[in-house]
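Asks: Sequence:
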Amino acid sequence: MSHPFNGAGDAQERGRRKIELTEEEARRFQAILDANYPGLAIFVRDVNLDPALAAKYVPNLIIRERAFTDASCRVMGMVTTHRYMILSNHMANLMAYEHDTNWGLCVAQRDSHFKVLGQHAVNGKTAIILLHLPDDDSWRFFIDHFFDLDRQLLEMAKARFEAKCDTEPVPELTTPLWQDRCRFPLGMDDSGSLWPLD
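Taken in order, the sequence shown gives residues 1 to 198; the numbers are from this note's numbering.
Mixed in with the good hints there might be a few duds.
As the list claims (entries may be wrong) - Restricting the straight-line Cα-Cα distance to at most 30 angstroms, the calculated cross-link-like pairs of lysine-lysine (DSS-like) are: (1) Lys56 <-> Lys164; (2) Lys164 <-> Lys125; (3) Lys158 <-> Lys125; (4) Lys158 <-> Lys56; (5) Lys125 <-> Lys56.
To be clear, the hints were calculated from the coordinates, so they are not data collected in a lab.
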């Protein structure tokens, strides 16, 4: 027997259509959602992006970053033009291994996948808001499934960005050493060619 399943937030955005899933499929999908959404926190990675590269981050795009992704849990002001705001519940907390850098260092695994939820510009500064997808093969589930919860997360991230982007920056996150670690765009090479998802 099958039953309608519309994902998190009781709505699937694409055409607002319901999809029929078996009980087993519904349990699997719910397990993926239950693993990826609870306990989300915001991590930031500030960068000066060429506008042409920034424009490539369109809503619902899924990207793969080949390198480890450094970010900070210290969310304050910024001195760059762009900020990646990564919503994640599975970044590795490496603060215990910092040597007096006080970056609030957290890292996403190599070959992590992210879904672009949207962008938000305030006073000449732009947030690119990303949802960190599962590290296993279940990231593929997010290619064709869209949820009201993602819109809620986007609005929450926008509000957080508005509240923080013009405040005093964390001094340790303005240093050349940290800025150099974060200088490259996520999910693409320096010319804007997206890395393959696999």
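Asks: Now tell me, hint by hint, if it's right for this structure.
Replies: Quick rundown of the hints versus the structure:
no. : hint              : in the structure
1   : Lys56 <-> Lys164  : 24 angstroms, holds
2   : Lys164 <-> Lys125 : 11 angstroms, holds
3   : Lys158 <-> Lys125 : 12 angstroms, holds
4   : Lys158 <-> Lys56  : 19 angstroms, holds
5   : Lys125 <-> Lys56  : 16 angstroms, holds
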